Every structure is written in structure tokens, then in C-alpha cells.
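Here the protein sequences line up with chains A and B, keeping their order. Numbered according to the numbering used here, the first sequence spans residues 1004 to 1273. Numbered according to the numbering used here, the second sequence spans residues 901 to 1170.
In short, the hints are calculated from the structure, not lab data. Here the structure is a predicted model, which is why all the values come from computation and not from measurement. Heads up, a few of these hints could be off.
What the hints assert, rightly or not - Listed below are several chain A residues computed to face chain B (Cβ distance under 8 Å; list not exhaustive):
{"no.": "1", "residue": "V1092"}
{"no.": "2", "residue": "R1094"}
{"no.": "3", "residue": "S1106"}
{"no.": "4", "residue": "R1111"}
{"no.": "5", "residue": "R1113"}
{"no.": "6", "residue": "G1115"}
{"no.": "7", "residue": "E1120"}
{"no.": "8", "residue": "V1127"}
{"no.": "9", "residue": "L1131"}
For every residue, glycine included, the Cβ atom is placed at its ideal position computed from N, Cα and C.
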Amino acid sequence: MAEHTATPGELYRAEALTRRYRDGGREVLALDSVDLHLDRGQRLGIVGESGSGKSTLVRLLAGLDRPTSGRVWFEGTEITRLPERDLGVLRASVQMVFQDPRSSLNPRMRVGDIITEPLRSRLVRRQLPAGTDHQHRLAEVLEAVDLPEDAGRRYPHEFSGGQRQRIAIARALAPKPEVLIADEPVSALDVSVRAQVLNLLTDLVASQGLTLVVVSHDLMVVRHLCDRLVVMRQGRIVEEGATETVYETPATAYTRALLDAVPRIRTSRG
Amino acid sequence: MKRAQLLTGLVLVALVVLTAVVAVFWTPFDPIRVVPGQRLLGPGWPHVLGTDGFGIDIASRLMVGARTVLLVGIISVGLSAVVGVPLGLLAGQAGGWVDEVVMRLADIVYAFPALLLAILLASVFGASTLTAMAAIGVATIPAFARVARAGTLEVMASDFVLAARASGTSRWGIARRHVLPNIAPLIGVQASVGFAMAILAEAALSYLGLATPRPNPTWGNMLRDAQQFLFVAPLQALWPGLAIALAVLGFNLLGDGLRDYLDPRLREVP
């Protein structure tokens, strides 16, 4: 069944992933037999217009949804049909950052409790070294994302949008994951703080040795963060390659259109 | 305007609570002992609201009645919340067939006439405050279950629950840390409105002789006692009627006021 030997360094492999939804009476094909692989240390960008299936894809990778057909392997183990209680390794190693920190942080929990919640989960706790001190880890990740030490005692609404996204990133870092999946990490933020959050992500990926998956409709974001690029359209992967290659010589008209949608600043020469 | 509503509700409810508390320690006259020489006195001194057909001080009986009203409200609303909220939470969190079964059961209880249940309990166990509380409590379980389920569905769709799932937080942890604190305001509003309903139901049941029996005073059985003297001493029926109306109004206003106050979409911009 799960006969698959991981090549060295391979983290994720997905084969023929398909996901159908029922929306009222209409059937929606969100993902149409997608193949994907991801090696340790890679920084993968997934781009495409809204409805192209990119969020569906990362939710399947994170084990938050099950495919209609197809398989996903994580570190050589097929996770597609595993029951929740056997997903411990995945839950400890893969963390997500969502688009809008206004809705991804529980308004009725203190920031400290939000960030240490992953450490309290039974599945993750088993994977951590014994005697991991929550308060100590909280202080570490708060420092890593440049938030004040006393932030843990306050509530999310006391912070600005950019700071809230830092809290969400701190929560994702708390269980020392290997993979960080960021679904549109800056598109809900003010333009003025986007760069800060992007730079923070870049620094963290480098300093913590993270494997990164970034979903975005904004090619600038992906270009900044990623070394490999996957372009999606209507549930399929239409183009794949090194970021710069895709940028310089887009193979499909769709990718060219996506690139052209990015506003450029031209310097006029007389 | 909205604030005035909430304040009026609070004042009326506080009045009922205060009266009930005072009645535990002190009433102007004995609320139970028959005084043959003082039947059907009009309002005056020392019997401020007059006396009833047994020569008992009406004000004293009203005060003790407030105690019964609060007791019935607290116990029956408590019963239906303690049973209904976990059921609604379960239905909303589990979904699928669990949801179907729980909610169809709630529909059945909802469709079963509460009055019939009260008659049934009274005829089996003998009419008492306890049977009235049980009947009212059971009849309002579906209301709590529905409110809890609707709130749970909304919270479960939020990103912070997705984030909690991504880090392996158990269903129980999600229910306790995420769902319950966020639906608590909804439950509070439902409890307040349910309290008003319970007061009305208790008054109706004791008027019909299906709840607290004489000589213990309740507003409902005072109304019934007053009925036979309606043409001789019409004011005697006014007092318990007024008490019921004001108490019900108070809890309803409090519930509506809380709903508006807690719903940020309806909150007035100062």
C-alpha cells in the first residue's frame, strides 16, 4: 500500500491529489490530480488566482482536510488515511500561519496561552523533549518575532495587525516545527507592515532552518520568500520551476498574465 | 436608547432579586397564617397592599412569591442549560449523523407540549415546585441546544480553530478553550430570555394548580385565589399580575439589552 521509499532529504510527496466539494447541488473540483514533492530546506511558493486550489492543497498537506483520492506522504509515511491520533509527528513538525490574524487568534485567550497552546496538545507533547518549559519557550519565541516580553499577558485586540501576525508566527514556531506553511501571510496586513513581516519570515526560515511553503496570489511576496515556484490554475499545476526561471521565462500565458498583474515601477528615460 | 433598555431590565431584575433576598429573612407579616378577622382589607396601614381572602398580608405573600420565582427560574434554566449546552456543542462540533440525531431529538422535545409534560409530572409525583421546575427545564432544553449549536458552528468555522487543529489540539481542548468562551455571551442572553419564559410558565402552572400548592404563596396561585373575589376586591388580582408582568419584562429587557450590547455589529458608535 504505502510502498514508497523516500529519497534522502524528501519531506513531502503527493501523488494524484484530488479534492471535490459539494457546494449546494453543484460539485466543485478544487484540486485535480496534483503531484508535488518537497525537499527539506526548500522554500516553495504556490501562486494562482483565487479559486485555483492553492489553499486546498496546503490544507491537505497540513492534514486539516482529506483528499477525495490520491495520497500524501510525509517523511516516507502515508498520512492520507491515518486517523487523527496517529498524526503526532505531522502535528508537531508542520505548523500553519493563516491569512488574517484577526480571525486566527482567539479573541478570548491571552497571547501567552495562544502561543503555548500547541505545546499543550497531547499529540505534540509526545514529540517534544521531556520537561519543555512553556514559559521559557514563550519568552524565546516572543523574542524571535520581536514582541515585548509582557505581550503574553495581554489579549490579541491590544495589538496592531502586524503585531498580531507576529503572534500567529510565534505560535507556529513554539513547537519547533520543521515545516512552516503560510497561507497568504501578509495579504490582510497594511502595506506599510508587509515588508516587516516578510523580512521576519525570511530571517526565521534562515535562522531556524525551516522548510517553507507559502501560498499567495501576490508574486512579489513569493519572489521575496521562495526559491521554488508552483503555479496553479483551476485545481491543476500549470507550471513549476525555480523562482527566477519562472520569472524570467514564464512558460505559459497564464503565468505571464499573473506576472503582468503586478504593478511595476518604470523609470522613464526622457 | 439601547442602554436605557438594558438599564431598565437591570433595575427590574435587581428589584426582584432584592425582594426575594429580603423575604428570606424578613416579611412584614406571616405569609402563611390565616387571620380570620382581617379578610379582604384594601390597601392601607399596616397592610400596605391589603389582605387576601384568608386575611393574610398580600405584600408579604408577594415577597415570598419572588423567592419561588427566582428559585424556579434558576433551577429550570440551570437544568436546561446544563443539559442543552453540551448537547448543542456536541452536535455542532461532531456534525454528521451525531448532529442529525441530537437535533431531531431536540425537535421532538420541542414539539412535545410543555403543559402536557407538566400535567403528567404533577399527576405522577403530585404537583409541587419541583415538578414545575422539571417540566419547564426539560421543555426549554431544545432552545439552549439550538443556540449552543449555532454558536458552535460559527466558532468551528473560524481560523483560530483551524490553527488549534493544525497543532493537534484535541476536540475537548477546542471545546473548552475556543468554543465555550466564545459562545458564553449567547448562552447568557438565552438564559436571561429563558428566565423570563420560566417565570411566566411557573405563574401559569401554579395558577392551574400544577406547581407549588397552597398555602405556600406564588404569584400564580395568588392570582388564582384573587379570582373568586374579582368583583369584591379587584385590586387583590392586580398585585400578583403586576409583579409577574414586571419581572417578565425585566428579564426580557435584560436579555435583549445584553444581546445588543454584546453584538458588536449592533453596538452604537459613541
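Status of each hint after checking the structure:
1. V1092: 10 Å, violated
2. R1094: Since the shortest Cβ distance to chain B is 3 Å, the answer is holds.
3. S1106: Holds - the Cβ of S1106(A) comes within 8 Å of chain B, reaching about 4 Å at its closest.
4. R1111: 4 Å, holds
5. R1113: Violated - the Cβ of R1113(A) stays beyond 8 Å from chain B, reaching only about 11 Å at its closest.
6. G1115: 13 Å, violated
7. E1120: 6 Å, holds
8. V1127: Check passed: Cβ of V1127(A) comes within 5 Å of chain B, closer than 8 Å.
9. L1131: 11 Å, violated
In this structure, the hints that do not hold are numbers 1, 5, 6 and 9, in rising order.
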